[in-house]
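Residue numbers (my numbering), protein chains in the order written: chain A, 121 to 467; chain B, 42 to 187.
Watch out, some of these pointers could steer you wrong.
[To be verified] Computed cross-link-like contacts, DSS-like style, restricted to lysine-lysine with a CA-CA straight-line distance of at most 30 Å:
| # | chain 1 | residue 1 | chain 2 | residue 2 |
| --- | --- | --- | --- | --- |
| 1 | A | Lys196 | B | Lys94 |
| 2 | B | Lys44 | A | Lys339 |
| 3 | B | Lys161 | A | Lys373 |
| 4 | A | Lys285 | B | Lys161 |
| 5 | A | Lys336 | A | Lys373 |
| 6 | A | Lys384 | B | Lys44 |
| 7 | A | Lys367 | A | Lys430 |
| 8 | B | Lys161 | A | Lys439 |
| 9 | A | Lys344 | B | Lys94 |
| 10 | A | Lys403 | A | Lys367 |
| 11 | A | Lys349 | A | Lys336 |
| 12 | A | Lys349 | B | Lys44 |
| 13 | A | Lys349 | A | Lys196 |
| 14 | B | Lys94 | B | Lys161 |
Hints were generated in silico from the structure; no laboratory data involved.
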Amino acid sequence: MSTSYSAVGWNRQKVKYDWLIFSFCVLYLTVFIGLTVIFIPDYTFETVLIRSTSTLAVLLLHIILSIGPLSRINKKFLPLLYNRRHLGVTMFTIGLVHGAFGILQFHSQGNVNPFVSLFTSNTHFGSLADFPFQVLGSFALVIFFLMAITSHDFWLHNLSPRIWKTLHMCVYLAYFLIIMHVMLGVIQYETNPVFVIILMIGAFTLITLHVYAGIKEAKIDNQKFNLQKEGFVMVCSVNDIEEDRAKMFCIDKERIAIFKTNGKLFAVNNVCKHQNGPLGEGKVIDGCITCPWHGYQYLPNNGQSPPPFKEKVSTYDVKIEMENVWLNPMAYAEGTERPGAVIEMRN
Amino acid sequence: MIKPLRKRHLQIWITLAVLLPIGIVSAWLVVPQPVKNHLLQPASSQALPTVLKGLAQRNPFIDIRCNADTSVLQLEWVSRTELTFPSALIYQVSDSSKGIIDGEIVGRVDMRGAYHFPLKKNPTTKDFHFIIYDIIHHKIIQRINF
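Just chain A, same shape as in the assembly (with noise of 0.2 Å):
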């Protein structure tokens, strides 16, 4: 959690998952590849590998961008999260391997530069029939390539998570220049409507998945809590929190999660210092919150990270009355010891 260079922290989980990863890469395109082969044997070398590429990329972009949301409906695909930038990467890399050899086939064999071929050989942009789509695709692999480069935990620090978060959300600008690169590109020219129907099932479930996974967080950060007193609001009863685990709040445009932890309760900021995760819907692991997206802990009691790590987030006050939970939404400053509230064992 330094801002000094340091390289990927393989685990087995990591090494399990890139394996997968490559696995079905490997899988993937020697089908691909063999179907080809098989029953249009005309296709070259070059036009196998470019269609091969750009359909795993893109399947592997709608994967990605639906490990957000679904991890936001359902805990256990939070797995897939964790090294969520790794599969990245991978697309990347694959989709860097369809450009290369596109501009190879199609913008090698002139006297012009082939990058200078890739912009200037197509100046329709005011048609729409005959879109220089491949433009599209160049932009969006620009933007895959400073997500790809900037991935690395060092980028996040020395960027700052804003700058960072910022950068990466233009994935969903790159995506649209996908769907779009593919629209003006292939499906032009390719009478099979299997093409258009599959492109249109992901753009709609991604889309189903987003907007719902929205609206159901809208629904929490819009929830009014109308007993006040004190300084404290009224959030719940103590059972509604299970042990070793939290319920996030939003008072005031902040998140705070309680969390209930050794028959005491603790509320600290939600938001993770390393890249904006929600602390509550992780669980307290060896007496620390754990974050769900990438593993940051920190201690329920003061909202540090246990040392050598220096991350800290917010405290608050948080009492017990009649098992009815009360918050004190006024933030301690980060990394403010608090006592937290015992839970009365009854009888």
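For this one, chain A is given, so just place chain B on it according to the hints.
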């Protein structure tokens, strides 16, 4: 995620929910229709049964054919080898001194094969005069007189 970021995500996807279908449908609508098999000249018809007039030359083999009562006439053109010109129009003229300006297009030949072009019957004469004209180089290839 923080609240403004969650809100921005939702706004982006609502925007995409509008833009993506518009983009996909618009692109789908401009997909060019498959080219229909339109010939530049009428499909070759069957040869009429009777040869009315013929030429001595064998390649291309050219003759005038007709039906039993000679009410329907036809120019038959059969090239057994590749043509020595890229494309030619066949004009029918009223006499051998006329040029293509006075003629009427009977049909076009562009490659080896058999062609059958319908002819109009000329009530004033039993003779037939044709000009084979190279439309690329703008020159007369051959005059044919029956």
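How the hints compare with the structure:
no. : hint                  : result
1   : A:Lys196 <-> B:Lys94  : violated (89 Å)
2   : B:Lys44 <-> A:Lys339  : holds (11 Å)
3   : B:Lys161 <-> A:Lys373 : violated (90 Å)
4   : A:Lys285 <-> B:Lys161 : violated (79 Å)
5   : A:Lys336 <-> A:Lys373 : holds (16 Å)
6   : A:Lys384 <-> B:Lys44  : holds (27 Å)
7   : A:Lys367 <-> A:Lys430 : holds (25 Å)
8   : B:Lys161 <-> A:Lys439 : violated (107 Å)
9   : A:Lys344 <-> B:Lys94  : violated (101 Å)
10  : A:Lys403 <-> A:Lys367 : holds (10 Å)
11  : A:Lys349 <-> A:Lys336 : holds (28 Å)
12  : A:Lys349 <-> B:Lys44  : holds (25 Å)
13  : A:Lys349 <-> A:Lys196 : violated (38 Å)
14  : B:Lys94 <-> B:Lys161  : holds (15 Å)
Taken one by one, the earlier hints fail for this structure at numbers 1, 3, 4, 8, 9 and 13, listed in ascending order.
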